[in-house]
Amino acid sequence: MRYMEQGGFQNNPLTRLTLWGTFVFLTGLWASNFGMYFSRMGLSPASVAAYYRGSDETFQPARTFGSMVESSHGHFAMMAMVLLVLTHLYIFVPGPRRLKAAFVGGTFAATFLSEASGWLVRFLHPGFAILKPAAFLASQAFLGLMLGLLATFLLTAARRKPLLAVVEPRVDDETPRRAAAGESV
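Numbering-wise, the numbering used here puts 18 at position 35 of the sequence shown, and it's gapless, one number per residue.
Please keep in mind that the hints were generated in silico from the structure rather than gathered at the bench. Just so it is clear, CB atoms sit at the ideal spot from N, CA and C, and this is done for glycine as well. Any given hint could turn out to be false.
Said to hold, decoys possible - What follows is a list of derived Cβ distance ranges for each label pair:
id	residue 1	residue 2	range
1	Leu132	Glu40	40 to 46 Å
2	Ala14	Thr139	20 to 26 Å
3	Thr139	Ser54	35 to 41 Å
4	Gly88	Gly131	14 to 20 Å
5	Val52	Val7	28 to 34 Å
6	Thr5	Gly78	41 to 47 Å
7	Pro109	His71	23 to 29 Å
8	Phe59	Ala124	48 to 54 Å
Working from the sequences, and respecting the hints, build out all of it.
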């Protein structure tokens, strides 16, 4: 943790490579979220209600309890890990602590509401359909902004100096050995 907070990773190309790889996969997830959402429904509450509650006009069946549980089971596990990684990386981007807390809380809340809104539409009332597109767009906005900030941070990381310099002992310096032997330095 201190390694990231103090900027030591900025001088380690392998750590930056790992972070860039993570960024690429998370960006792919972010982009494919749009495809998955819009392949099933649109932004209108009517299309959301039709997807979850079924539609006689399009002969679309309602989502079953089992399919909802199966979908939520995967989403909860996957999004917990994705949000843990992304918000964890975002925390190391320079910025005000309160803003970071708002982004992290907002990201988790919007993503949870995006998942929960389908359940509300399907099993409580179609009036909750307005929540799905709003929560989806909010979640995507939070994720997209954090990905953009992470990319900016990584692009400039190699040019920044670490916050704390790491001093390597010289080979001819016997201070550590003398101190270990109990001698005063």
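Now for the hints, and whether the structure bears them out:
Range check, Leu132 to Glu40: Cβ separation about 43 Å, and the 40 to 46 Å hint holds. Taking 20 to 26 Å as the suggested C-beta distance range, the pair Ala14 and Thr139 conforms, at roughly 24 Å. As the Cβ distance of Thr139 to Ser54 is approximately 39 Å, the hint placing it in 35 to 41 Å holds. At roughly 19 Å, the beta carbons of Gly88 and Gly131 sit within the given window of 14 to 20 Å.
As the Cβ distance of Val52 to Val7 is approximately 31 Å, the hint placing it in 28 to 34 Å holds. Taking the beta carbon of each, Thr5 and Gly78 are about 19 Å apart, not inside 41 to 47 Å as hinted. Checked against the hint of 23 to 29 Å, the C-beta distance between Pro109 and His71 comes to roughly 37 Å, which is inconsistent with it. For the pair Phe59 and Ala124, the supplied restraint of 48 to 54 Å is violated, since their beta-carbon distance comes to about 21 Å.
Comparing the model with each numbered hint stated earlier shows that hints 6, 7 and 8 do not hold.
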